[in-house]
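Taken in sequence, the protein lines are chains A and B.
So the first sequence is numbered by UniProt numbering: it starts at 1 and just counts up by one.
So the second sequence is numbered by UniProt numbering: it starts at 1 and just counts up by one.
No lab work stands behind these hints: they were computed from the structure.
Each residue gets a CB set at the ideal place from its N, CA and C atoms; glycine is no exception.
There could be a bad hint or two in this list.
[Stated by the list, open to error] On the chain A side, residues computed to face chain B include the following (Cβ under 10 Å): (1) Thr106; (2) Thr134; (3) Pro154; (4) Glu251.
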Amino acid sequence: MHITSPSFKANARAALADAPLQRALGNLRAGFPGKRAAAVARLPEFEALRDAARDLKNHILEHLDFYLETFEANVKQHGGQVHWARDAEEARQIILGLCQQAGAKTVTKGKSMITEEIGLNDYLAQHGIEPIETDLGEYILQLRGEHPSHIIAPAIHVNLDQVSDAFHAHHGRYGKTERQTEPRQLMNEAREILRDKFLAADVGITGANFCIAETGTTVIVTNEGNGDLTQTLPRVHIAVTSIEKVVPTLEDATLLHRLLSRSATGQEIEVYGTWSSGPRRPGDPDGPSEYHVVLLDNGRSNMLGSEFQDMLRCIRCSACMNHCPVYGAIGGHAYGWVYPGPMGSVLTPQFIGIENAANLPNASTFCGRCESVCPVRIPLPKLMRHWRAREYEKHLTPQGFRFGLGVWAWCVRRPALYRRLTRIGACVLKVLGGKTGRIRSLPLAGGWTAWRDLPAPQGRTFFEQWAERRPGGGR
Amino acid sequence: MSGRDAILGNIRRGLGRGGPLDGAARAACEERLRAHRPVLIPARAQRPHDEQVALFVAMATEAAASVARVAGADDVPAAVAAFLDQGGYPRRAVIAPAQAVSGLDWAAAGIEVEARAARNGDRASVTPAFAGIAETGTLMLLSGPDSPTTLNFLPDAHVVVLDAARIVGPYEDAWAWLRRERGLPLPRTVNWISGPSRSADIEQKLQMGAHGPIQLHIVLVGD
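Using the sequences and the hints given, assemble the complete structure.
Encoded structure:
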């Protein structure tokens, strides 16, 4: 996938001016947050579950090697195979090898962000194997030659008429020449065409939301059922996942299940939770004959013991981006790589380097909504701040910003001067605010006032108010 | 060095450990795996059985499944016939070989059945369920020679026969039954199913019947 994260600011400007995209983002803002809130309100234990999930994931990360080895041993015991991939290139090679071994011409795919992370589709196609996305959203994007802009609603940026156009352009060869305009009809058309693809595929590739150490099981969580057809009908099933997805027991995966769909779509539970343990057993009339799990590291193990370890708790629910005012304004593609929104602003610098992604951890007002809805309580603003610190240390921050920060630091180390300056500043801004209390333009603050008014201070500084409110008053 | 050793080595370095987990810490993790203790079970899943049955029906209905209640197993074929008629399906079904389903008198209800895995074009299937989970109206189905997985996904209509005595409150109780009654390893596939297939990938508007069944019908036997 071509990385456009370095041009984030230009991407964001273009996204703000993109009327169809803005219409599509309206659907997101009107949908997910309200649905999540309703689901949470129905489960009084939700906050306690979040605590338990955070503690569980922390326990797993502290013993990650042990649970991964246990998982591997139990997969093998059921006749499955585990493949360890250090990086994207190794993962692609392993998967290509398995497909070639199976003599595969076509491969059906369930929705998987890990296969986006490793750029699998292009690689398979280059080697003469046709990958077919079967999740409706992913299928639409494949026809349009696009990548997902959201981790669970990949085509959220696409409008109905654009889907009609894509299907009309590509479905003629299946005898579907009429341009459909109703979501129902469009979905039926995709269902019909993809049925034949499921039945013809030699290999089915899915992701895995969880890997269960105790039983050697991979779990997928879906609503469409495409993941199940993908992994049940072909002769070979490959589950591509990453090392931090392992959990100890069925009960632990169940705990995370209670949080995942509620946090993601606001559903009480997904339609299909599918727990797969190995290939077809003696006497089974269906199911794959081969079962492979590809465990990807790709830099995750480097995050252990670092200030970014908490990020490995992520269960990829998308709540952080659904509630992020920045994501809601610009959508996922502006972030320029696979993972958008707050979780992406922490992960992307890790995967493609902070020198390519320095804008991302700055694309936040630190309003904290992401952290407040995260089911595993990842302190996302804090982690973005860590990236900002690294950016500063590496001298990637712009000169003007560094100069401003230097001036502020100089002042703040001289409390008397700092208090005097802030008092003067507050008074001046109050006067500028006039009767309305709002400032429409301000020298050096054009970046703010070009888009919105600056609320003027009410004339007194924090220190003054603090001194007054403390018991006893005074200093 | 293999990918495996490199990854495990890097994990251990990150965790500040020279080698594999050992001693008391390892024993504690092994004990944790054996104990498989439930973490936190919501109060809604801890009520008396009759309330769990009512909750199961309510939650399954909310998930857009339809539920028919019958007094005994002998009444199941007639209930399935009514469902097929109402949905405009032919009185034909592909059924799981499991005795709980294949042992019923389908001919008496005028339904033509075949016990096998599903094929493309099958309109309706009938399968047994291992358990029903009241918490979210979820069915738990197990794959095996008696219950092919394709029956759960390929046909347009999926009918599941569930004994009301097999309804539990939380998911954890169903796992406990599975461990006790079947032991490990788990069946090749355990399916949790809550309502029919759906997608909101076109403009966030929910549509039923994406790739899996368009209708999920539960025949609940007894009370």
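Taking the hints in turn, this is what the structure says about them:
no., hint, in the structure
1, Thr106, "violated (16 Å)"
2, Thr134, "holds (7 Å)"
3, Pro154, "holds (7 Å)"
4, Glu251, "holds (5 Å)"
Hint 1 from the earlier list is the only one contradicted by this structure; the remaining hints agree with it.
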